[in-house]
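Enquirer: Let's have the full structure, built from the sequences with the hints guiding it.
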Amino acid sequence: MATPQSNPVSLENFDSLPADAHVRLPVVAQLYGCSERTVKRHSAAGIIPAPKKLTSRILLWRVGDLRAALASIG
Numbered sequence: 013m014a015t016p017q018s019n020p021v022s023l024e025n026f027d028s029l030p031a032d033a034h035v036r037l038p039v040v041a042q043l044y045g046c047s048e049r050t051v052k053r054h055s056a057a058g059i060i061p062a063p064k065k066l067t068s069r070i071l072l073w074r075v076g077d078l079r080a081a082l083a084s085i086g
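Our numbering puts the first residue of the sequence shown at 13, with every later residue one more than the last.
By construction, these hints were calculated from the structure, which means they are not laboratory data. By construction, the Cβ of each residue, glycine as well, lies at the ideal position given by its N, Cα and C atoms. Be aware that one or more of the hints could be misleading.
Stated by the list, open to error - Using C-beta positions, here's what the derived DEER-type ranges look like:
(1) Val21 / Gly76: 28 to 36 Å
(2) Ser68 / Ser28: 27 to 35 Å
(3) Gly76 / Pro38: 13 to 21 Å
(4) Ser28 / Ala57: 26 to 34 Å
(5) Ala56 / Ser28: 28 to 36 Å
(6) Ala83 / Ser22: 28 to 36 Å
Expert: Structure representation (C-alpha cells):
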C-alpha cells in the first residue's frame, strides 16, 4: 500500500510567505496542479514565471511572481 505524500511546508504556508521568498519545483507543481515536467515546459514557454537556477539541479521561483501569475489566471 502506498503512503500518501504530505504537502511541503512551503505550500501549506504559501499565503503567509513574503513576496521575495522562493519556493522549489514541487511546490510550484502543486500550486498549478500539474507535473514537475509540465512546470518546466510552461516556464520555458512563458506560461509560468521563469525560475532562478540556484544550481544545475535546483530551480527557485519567487513567491511574488507566482502570486501575480496565479491572480492573472483567475
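Enquirer: Which numbered hints does this structure break?
Expert: 1 and 6
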